[in-house]
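2 protein chains.
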Amino acid sequence: MAEKVKHAIQDDYADDYSWCYGCGRLNEKGLRLRTGWDGDKTVTIYTPREEQMAIPGFVYGGVIASLVDCHGTGSAALALHRKNGHEPGDGEEPPRFVTGSLKVDYLKPTPQGKVLKAVGTVEEIHPKKWKVQTEVYVEDVCVVKGEVIAVVMPNTFTQS
Amino acid sequence: MAEKVKHAIQDDYADDYSWCYGCGRLNEKGLRLRTGWDGDKTVTIYTPREEQMAIPGFVYGGVIASLVDCHGTGSAALALHRKNGHEPGDGEEPPRFVTGSLKVDYLKPTPQGKVLKAVGTVEEIHPKKWKVQTEVYVEDVCVVKGEVIAVVMPNTFTQS
Chain A
12 MAEKVKHAIQ DDYADDYSWC YGCGRLNEKG LRLRTGWDGD KTVTIYTPRE
62 EQMAIPGFVY GGVIASLVDC HGTGSAALAL HRKNGHEPGD GEEPPRFVTG
112 SLKVDYLKPT PQGKVLKAVG TVEEIHPKKW KVQTEVYVED VCVVKGEVIA
162 VVMPNTFTQS
Chain B
12 MAEKVKHAIQ DDYADDYSWC YGCGRLNEKG LRLRTGWDGD KTVTIYTPRE
62 EQMAIPGFVY GGVIASLVDC HGTGSAALAL HRKNGHEPGD GEEPPRFVTG
112 SLKVDYLKPT PQGKVLKAVG TVEEIHPKKW KVQTEVYVED VCVVKGEVIA
162 VVMPNTFTQS
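Keeping their order, the protein sequence lines are chains A and B.
Each residue of the first sequence is one higher than the one before, counting from 12 in the numbering used here.
Each residue of the second sequence is one higher than the one before, counting from 12 in the numbering used here.
It is possible that some hints are incorrect.
Which copy? The list can't say, so a pair holds if one copy fits it or any two copies do.
[What the hints assert, rightly or not] Below, a list of computed lysine-lysine pairs in the BS3-like style, where the Cα atoms sit at most 30 Å apart: (1) K156 with K114; (2) K40 with K94; (3) K94 with K52; (4) K94 with K119; (5) K15 with K139; (6) K94 with K125; (7) K139 with K119.
No lab work stands behind these hints: they were computed from the structure.
Please work from the sequences and hints to get the whole structure.
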């Protein structure tokens with residue numbers, strides 16, 4: 012399966028906001044997660060590294076939590092960007108979200124060496140606050156369910 | 012502040028269970044989180060790496076989620092081990108838990124370059140299922156609250 016996100020929201024984040032360990036395109040040591048639309052669902056695809064294990068043969072839950080996290084903020088950014096009349100790749104800088112809360116339910120052990128596909132459903136609960144429900148699949152099996160409350164990045168985040 | 016966990020539960024995990032990217036002492040690329048008792052609370056101390064940022068100056072939430080996650084399973088292992096009459100360092104192999112669910116509330120942006128201290132309260136909800144409430148501090152400020160439901164590692168985890 013060579014499935015790939017073509018236009019990702021993270022590709023269009025401003026350089027200053029592109030250093031995230033989870034999804035920053037400029038962070039060479041990070042996961043470089045990329046999130047795009049698939050119809051009205053959002054999708055992030057990631058294959059964990061060999062060292063990202065819980066025990067040999069199974070993926071570390073903290074990495075799946077990171078996938079759910081950045082998939083969540085990316086999905087919220089996609090949705091608000093679309094609400095504002097834009098799509099990734101159209102040259103307009105998208106909004107940038109941070110995570111207010113993250114919830115992850117581990118339904119099954121996640122085997123290593125497989126592609127993980129996070130599929131999200133986005134709901135606006137306030138103009139600056141969006142809820143993203145995510146299911147993470149290995150092939151056709153849902154191994155994890157997650158929920159992120161994503162909030163438009165407040166000024167406090169860039170003022171110390 | 013040179014605070015350090017002296018006897019960590021992860022130091023005593025069997026070799027086969029010591030490869031976790033979050034807390035495995037044998038995983039050279041991992042975070043090598045270590046969790047020990049401080050009275051009846053549990054403690055894990057971690058200083059994020061430079062690349063583990065959300066935006067420059069602030070820690071990546073997925074790494075904090077990983078801290079809450081392994082602190083949770085480690086805390087549950089400490090508690091069940093103590094219930095069984097053992098303490099880290101006494102030569103007895105502790106039980107190993109996996110994460111059933113993980114919840115993280117990000118209360119404030121977490122500045123980089125600081126020591127994070129996760130402090131946990133453990134509650135037995137079933138002999139094989141323990142709840143760990145965690146507060147993550149930067150100096151005296153609580154920046155994150157988390158909750159983990161940790162479950163004794165089932166056989167399905169080691170059978171593929």
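Results for each hint:
Taking CA atoms no more than 30 Å apart as the test, K156 paired with K114 passes in both settings, with 8 Å inside one copy and 12 Å between copies. For a Cα distance limit of 30 Å, the shortest separation of K40 from K94 qualifies neither inside one copy, at 32 Å, nor across copies, at 41 Å. For a Cα distance limit of 30 Å, the shortest separation of K94 from K52 inside one copy, 14 Å, qualifies, whereas the shortest one across copies, 46 Å, does not. Taking the shortest alpha-carbon separations for K94 and K119, only the inter-copy value of 27 Å comes in at or below 30 Å, while the best intra-copy value is 35 Å.
In the homo-oligomer, the alpha carbons of K15 and K139 lie at most 30 Å apart inside one protomer (29 Å), although the nearest pairing across protomers, at 40 Å, exceeds that limit. Taking the closest pair of Cα atoms, K94 and K125 never come within 30 Å of each other, the shortest separation being 34 Å inside a single copy and 38 Å across copies. For the homomeric pair K139 and K119, the shortest alpha-carbon distance between copies (17 Å) is at most 30 Å, but the shortest distance inside one copy (33 Å) is not.
The structure shown violates the earlier hints numbered 2, 6.
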